[in-house]
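S.K.: Turn these sequences into a full structure, and let the hints guide you.
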Amino acid sequence: MSKRIHDGFRDDIDKEVFAENILKQIKDNEVSLAVHKHPSICIQWLIENATDASTIKTLADRFKPIELSMEFVTNQYASHVLQALIEASLKVLSKETAASPSNQRHSKWAAMFICNIGEFVITNMDPLLNDVNGSHVMTTIMEAMGGIRVGRHWSRKTMGFGMKSNINTEIEKDIVVKELPGNFKVLLKKFSKELIIQRADRDLKDIILGRGTSLIQYLLFVLKVRSPEICQTVVKRLVEIIFVNEENKFAITTNSVSAYLVEAIMLVSTEHRLNRIWEKHLKGSLKDMWKDDIANFIVQRLVDAASNECLFSDICSEMLPHLESIFSYNRPGIGVCLAKACQKFASLQQDFIGALMRAFHCHDPKDRQIHLVPLMLFGENTGKYPKSEVWLHGSLMLQYIFGYEDPYKVTKSLLSLEPKELVFICNDKSGSHVIDSFLQSQTVAPKHKQHFLEKMRGSYINLACDRFGSRIVDYLLNTVDLKMKADIMDELSAKESQLNSTKNGYYVGKKAGLYHYKHRYQEWKDVERAKDKRKRAFKEIIDDQDELQFEKRYTKGKRY
959 MSKRIHDGFR
969 DDIDKEVFAE
979 NILKQIKDNE
989 VSLAVHKHPS
999 ICIQWLIENA
1009 TDASTIKTLA
1019 DRFKPIELSM
1029 EFVTNQYASH
1039 VLQALIEASL
1049 KVLSKETAAS
1059 PSNQRHSKWA
1069 AMFICNIGEF
1079 VITNMDPLLN
1089 DVNGSHVMTT
1099 IMEAMGGIRV
1109 GRHWSRKTMG
1119 FGMKSNINTE
1129 IEKDIVVKEL
1139 PGNFKVLLKK
1149 FSKELIIQRA
1159 DRDLKDIILG
1169 RGTSLIQYLL
1179 FVLKVRSPEI
1189 CQTVVKRLVE
1199 IIFVNEENKF
1209 AITTNSVSAY
1219 LVEAIMLVST
1229 EHRLNRIWEK
1239 HLKGSLKDMW
1249 KDDIANFIVQ
1259 RLVDAASNEC
1269 LFSDICSEML
1279 PHLESIFSYN
1289 RPGIGVCLAK
1299 ACQKFASLQQ
1309 DFIGALMRAF
1319 HCHDPKDRQI
1329 HLVPLMLFGE
1339 NTGKYPKSEV
1349 WLHGSLMLQY
1359 IFGYEDPYKV
1369 TKSLLSLEPK
1379 ELVFICNDKS
1389 GSHVIDSFLQ
1399 SQTVAPKHKQ
1409 HFLEKMRGSY
1419 INLACDRFGS
1429 RIVDYLLNTV
1439 DLKMKADIMD
1449 ELSAKESQLN
1459 STKNGYYVGK
1469 KAGLYHYKHR
1479 YQEWKDVERA
1489 KDKRKRAFKE
1499 IIDDQDELQF
1509 EKRYTKGKRY
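Residues in the sequence shown are numbered from 959 upward in steps of one, following the numbering used here.
Treat the hints as calculated values from the structure; they're not laboratory data. Treat the hints with caution; some may be incorrect.
To be verified - With a straight-line cut-off of 27 Å between C-alpha atoms, the simulated BS3-like cross-links for lysine-lysine are: (1) Lys-1489 to Lys-1441; (2) Lys-1066 to Lys-1148; (3) Lys-1405 to Lys-1370; (4) Lys-1493 to Lys-1483; (5) Lys-982 to Lys-1049; (6) Lys-1367 to Lys-1413; (7) Lys-1136 to Lys-1015; (8) Lys-1491 to Lys-1441; (9) Lys-1022 to Lys-1148.
Here the structure is a predicted model, which is why all the values come from computation and not from measurement.
M.R.: What follows is the structure, given as structure tokens:
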């Protein structure tokens, strides 16, 4: 049967008949069959492909905790069946609607099944925690009790400087059950107490260092949105163990597994809790941490999590004077996190730019400050035609800097580059995003953007034929005024054969209406004027709405 599943089915009817056949053959023997490889695969397939909630209920009735043993739950194959059944029950619970009595009926047994398994796991927590398969069941049931599938929409990478929003927003995307049943919240609290809050210090340290690190991380993320108060209690208890002495601190923050947990703690802590962690445990020790291959990521998360200017200013005072040392230890990710965080705190933006200049030895004399951008993108190769790709982390820092309130010095540095160097940046995977952020910035002066456009004259054909440069040309053709747009089109039409010889160039020409520009110029001009008129009208509407919202907020807050 498992081979049949692997081979696939002719149609839906064939699939349905096969499912009915499995149900008949395993009836009353589900528990005994689940511990074997091939029957386990068949039962998992049946659960995952069940279209009727009654099928899930039938199987859930067979796998009640009273029928289960520790040997069953820790079995390699049976544990996968149990996890599939828990996730299927959560899916049933997520479909509950007031308008559908059948869904309400099914949601009751689904909630009961999850609660029963949850009670079983809490009762047998220690032996399950010591077993690989058992710990996976624990994670699955903990997520189910929280009504969340953690990490379906994000990964560990998004915990870093790639995170586009705050951690709450990211976790909320994973919520499956909007309104959590009351008994689920009770079980989550009980689970947290048994796993962390009431556990002995030595045992909790062992769990943090290996056995249950990922489980605790997931628990923190679930509690962050489901029970913030318990989340902070758990954080407080974990901090007591991690920072109780230098031995624990070093062992946990430099361990490749447990360091992820410390990162998670930084992200889920409240502003008050994070301030206490900083004042009591981290202040004055960042230098030792950023030197370590593992602990430097905790420093990055600390910078990401800082939500008030006072805390961030303290962190910067400890790090900005040593930015060159941070880069020399190959920790550019810290620089990116600082650049990103400075977008929130305008008062520290110029301090960060100054620290970058000192780190790249271009702060003094002042005429050397113009070398900042080439040094950040090409390293010591400044002044020469770049021979290697753009430095990723330098690109990321510049992308954030062009969003600052006053990026004048960095703008002047970018515009000091030769046209061939600018073309290289535009056609580079990382460099093209720097130019994007420069052109789209609300704080870069229009005259500086115009200066860039003038410097690129004669190079638009090279950009249009490149995978990354073509995006920039496309953006310009959609945003510049009609005169500049016509100048770019003149350059492209003069070398139409070269443009059409590449896939990227062909699509740029087609989207811009190059054929109409050459053969029906007046028609092209009328279309572009109409587009510009619509854009201006739309912008005016948006601006009016923003102004109205501001007035409403002002009036609401005004006291007479």
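S.K.: Give me the numbers of the hints this structure contradicts, sorted from smallest to largest.
M.R.: none
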